[in-house]
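K.L.:
Letter by letter, the chains look like this.
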Amino acid sequence: MSVKTLKALAVAAGLLAGAGLAGPARAAGGAEHLPHVNFSFDGPFGHFDLASAQRGFLVYKQVCANCHSMRLLSYRNLRELGLSDEQVRAIAADVQVVDGPNDEGEMFERAGRPSDRFRSPFANEKAARAANNGALPPDLSVITKAREGGAQYIHALLVGYEDPPAGVTLMDGMYYNKYFAGHQIAMAPPLSGDGQVEYTDGTNPTVDQMVRDVSQFLTWAAEPEMEQRKAMGVKMVLFFTVLGGLAYAVKRKVWADVH
Amino acid sequence: MASGLHNSEVANPVLRWIDQRLPVITMMQKEYGTFPTPRNFNYFWNFGALAMVNLLIMIATGIFLAMNYTPHVTMAFDSVERIMRDVNYGWLLRYVHANGASMFFIVVYIHIWRGLYYGSYKAPRELLWMLGVVIFLLMMATAFMGYVLPWGQMSFWGATVITNLFSAVPLVGPDIVTWLWGGFSVDNPTLNRFFSLHYLMPFVIFGVVFLHVAALHITGSNNPLGIDPKGPQDTLPFHPYYTAKDSVGLVAYFAFFAVLVFFFPNLLGHADNYIPANPLVTPAHIVPEWYFLPFYAILRAVPDKLGGVVMMFGSIAILFVLPWLDTSPVRSMRFRPLARPFFIVWCVAFLVLLYCGGKPPEEPYVTISRVATAYYFLYFLVILPLLGRLERPLPLPESIARPVLRGGGPLPAGAMSKPMEKA
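Sequence lines, in order, name chains A and B. The first sequence runs 1 to 259 under full-length UniProt numbering. The second sequence runs 1 to 423 under full-length UniProt numbering.
Worth double-checking, as some hints may not be accurate.
As the list claims (entries may be wrong) - Here are some chain A residues the structure puts well away from chain B; computed CB gaps all over 12 Å:
1. Arg119
2. Thr144
3. Tyr175
4. Leu243
Stated by the list, open to error - Here are the simulated PhoX-like pairs of lysine-lysine, each with C-alpha atoms no more than 25 Å apart in a straight line:
5. A:Lys253 - A:Lys178
6. B:Lys230 - B:Lys30
7. A:Lys230 - A:Lys253
8. A:Lys251 - B:Lys305
9. B:Lys30 - A:Lys253
In short, the hints are calculated from the structure, not lab data. The beta-carbon is built from N, C-alpha and C at its ideal position, and this holds for glycine as well.
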């Protein structure tokens, strides 16, 4: 490789490094360093742990869904987690959704179908705030994409509750969380005791296990395409490596009589 | 030959029939086949072709995204997520388009850097260079409006901050802002017009790119030595030599692009843009996309609002007059021992501004931004004009062919040293 080529690569790398620096550099300052957890979906060959994500759905359904909506997901999407058609139908049928108007012009309630979106716990933002001491529980559909740190942040936040340090007075109805920006969070510790959610697959529902499972589930919910994307990416990189070798060989051949 | 028909040399009778009446094949053969191109390009000369390919990728993916996107404040965010979830390969279209914008700026920044280092802006290529600056400005406008379309928090607040810059214009500023918004805040009319213009601009860019290339084919390309080809021994036909060389760069570009799209699709974006726009909640730090950060840093480096806006636009406008600010007749920095280090410091200043633009506006970033901004302008306004008079350039090679030909050429052994060392 010629010196010129190396220089070109160095400049390209420098520009990307600059861009990369600018990216994480924007993270809100002052926050605690997140503890690192290994997830099955990390890295270029990462994949979802479907059993964990299914348990995570249970955690969401029984705990988070009391306050947090996931309005971009439909019950049919749960099939991608490995649930059967019957299971998905049963999960959907468990909730009552408002439909209509019917032929008489009336709205009515009916059992949910797989095509329905996840039912939101509150009718609107005002209702959500009224029930939560003025705070709005954010929608969780793309939460791991909407927070710096992604699943690592979700995990850290859920295990980050502790007693406030001496000298810190919490506002009324607030809790201390060392990973939340400003450290005062309106959400009560959602997963506080082992066995809070009953797992059906024999896994021991420790707090740590539940937090990992729900982080797995939320990552899948935010990026359901991730497995397909990474698998395609591996093929693409291999393909371009081979094609690049061929292109370079052709270039050498064409230029052989010039140099 | 029938009267009025072009004298075509195409062998195929059907193509010949067309070429006689509309000589596009002859033209392509002349402009991209036999087109005489300096034989000494390095890989930096790939980036013009890469930018062209990038523009086509953006237009192609953008057309299909537009088929599935809804430009309405209550539906835009959800329609983008629908593309990600329910449209076949919608995630691929969107991630290619979003990261394609970053790739476009990486490619164009290297392309501009190439022009600055090798003096491609100098006579006779001044207009070619100025058309390039127009393309750069159009790209910035297009990218800015495109970032607003997903209607996330950063879309909304970025649009608010940037459009508000125009309120610094004396007397009519606030009226201009209302006119831009189509109302009294960034709202549905703003989103609608940004979508319309975002779809229009790439075709305007395409038109200016055509002029850029047309002007290039009049003057011919510059080259790393910055000296004019003196005859056929200094050039090669574009095809197959540079089609082959561009192919190598193109595949490397695709590989790099693929790594971003498939493994780090959100690395260069901002997490806040996955939160739906909310006019009542201001994000802690409003930052533009990474490729605007150097100019954002210049804006914030100036303590006066109008002054900041003027300096920010001035930092790009100054490129228009660069061909006349740089008074040295020598194009390539390889032969400019004084200008070269000053230019390298300018590049560092640019990267420092890029870094500071992403930081909160507090010390030490403000002071660093001010120093870098001052040098950015000093380089163009003082250093370059003076150097043309003060600097003693290294002797230029006699021709492109002589320093390039190695082993086996008709040159005496002494002539094979590197051009920099040649007396």
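K.L.:
All hints, please: hold or fail.
P.N.:
Each hint tested on the structure:
{"no.": "1", "hint": "Arg119", "verdict": "holds, 16 Å"}
{"no.": "2", "hint": "Thr144", "verdict": "violated, 9 Å"}
{"no.": "3", "hint": "Tyr175", "verdict": "holds, 20 Å"}
{"no.": "4", "hint": "Leu243", "verdict": "violated, 5 Å"}
{"no.": "5", "hint": "A:Lys253 - A:Lys178", "verdict": "violated, 61 Å"}
{"no.": "6", "hint": "B:Lys230 - B:Lys30", "verdict": "holds, 19 Å"}
{"no.": "7", "hint": "A:Lys230 - A:Lys253", "verdict": "violated, 34 Å"}
{"no.": "8", "hint": "A:Lys251 - B:Lys305", "verdict": "violated, 52 Å"}
{"no.": "9", "hint": "B:Lys30 - A:Lys253", "verdict": "holds, 23 Å"}
Of the numbered hints given earlier, the model fails hints 2, 4, 5, 7 and 8; all others are met.
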